[in-house]
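Q: Just so you know, the sequences run in chain order G and D. Under our numbering, the letters of the first sequence match residues 1 to 65, in that order. Under our numbering, the letters of the second sequence match residues 66 to 203, in that order.
All the given hints hold, so there is nothing to weed out.
Derived list of chain G stretches under chain D, where covered just means 3 residues or more per stretch with a C-beta under 8 Å from a C-beta of chain D:
1) 14 to 25
2) 31 to 45
3) 50 to 62
If you're looking for bench data, these hints aren't it; they were derived computationally from the structure. We treat Cβ as the ideally placed atom computed from N, Cα and C, and that holds for glycine.
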Amino acid sequence: MYDRLVLERLNRIRGAAFSRQSTRPPARADDLADVVLQDHRGDEVRLGDLWRDQPAVLVFLRHYG
Amino acid sequence: MQLHRDREKFDAVGARLAVIGQGTPRHAEHFIDEYGLDGMTVLVDPERRTYKAAGTKIATVDELFAPQIVAKALKIAATERLVQGRTQGHPAQLGGVLVVAPGGAVTWSDLAEDASDNPPNDEVLEAARKAADNRRSA
Numbered sequence: 001m002y003d004r005l006v007l008e009r010l011n012r013i014r015g016a017a018f019s020r021q022s023t024r025p026p027a028r029a030d031d032l033a034d035v036v037l038q039d040h041r042g043d044e045v046r047l048g049d050l051w052r053d054q055p056a057v058l059v060f061l062r063h064y065g
Numbered sequence: 066m067q068l069h070r071d072r073e074k075f076d077a078v079g080a081r082l083a084v085i086g087q088g089t090p091r092h093a094e095h096f097i098d099e100y101g102l103d104g105m106t107v108l109v110d111p112e113r114r115t116y117k118a119a120g121t122k123i124a125t126v127d128e129l130f131a132p133q134i135v136a137k138a139l140k141i142a143a144t145e146r147l148v149q150g151r152t153q154g155h156p157a158q159l160g161g162v163l164v165v166a167p168g169g170a171v172t173w174s175d176l177a178e179d180a181s182d183n184p185p186n187d188e189v190l191e192a193a194r195k196a197a198d199n200r201r202s203a
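Just need the whole structure built from these sequences, with the hints factored in.
A: The structure is reproduced here in structure tokens:
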């Protein structure tokens with residue numbers, strides 16, 4: 001178990017940025033609107049459809065769980 | 066991020082909550098089963114196209130493992146009774162929240178600056194309520 005935790009930490013470090021980055025929230029979601037993603041069933045969802053009729057709250061997770 | 070626990074509140078104010086993660090549909094399905102999120106929109110973006118378009122960032126080692134960040138994350142996990150699963154996708158990818166109004170304007174955003182950085186649910190809910198109210202009054 002300890003080895004797995006060490007490897008997990010090392011994996012995270014390996015992917016880390018070398019220098020601090022800035023977040024850049026967009027003023028508009030135009031670049032997101034035509035992106036098509038799969039849901040948990042494998043069905044396709046066009047992101048722009050999520051806010052077509054009502055506001056959408058998009059939550060970007062680091063990871064599930 | 067525990068916004069999914071308040072999804073009924075988002076429904077009540079007239080906003081749609083959608084969760085995007087880095088894994089596969091199987092990971093999303095497990096996430097739904099584990100947290101009882103039947104009916105919720107849970108999407109997968111293994112290529113992280115939406116993360117890049119949303120302006121999120123990749124964390125430095127310090128932004129992942131600085132003592133104050135780890136302490137805050139452990140506190141949140143204990144409070145929320147979270148057990149962190151194995152990380153899928155890019156290990157240093159940070160997340161965030163966007164509120165998008167009909168028409169495509171991003172009316173509110175909070176993108177994580179480090180691994181422990183999450184907006185309070187109440188702030189996100191208020192932003193969603195305002196976006197829904199603006200739409201109704203338009």
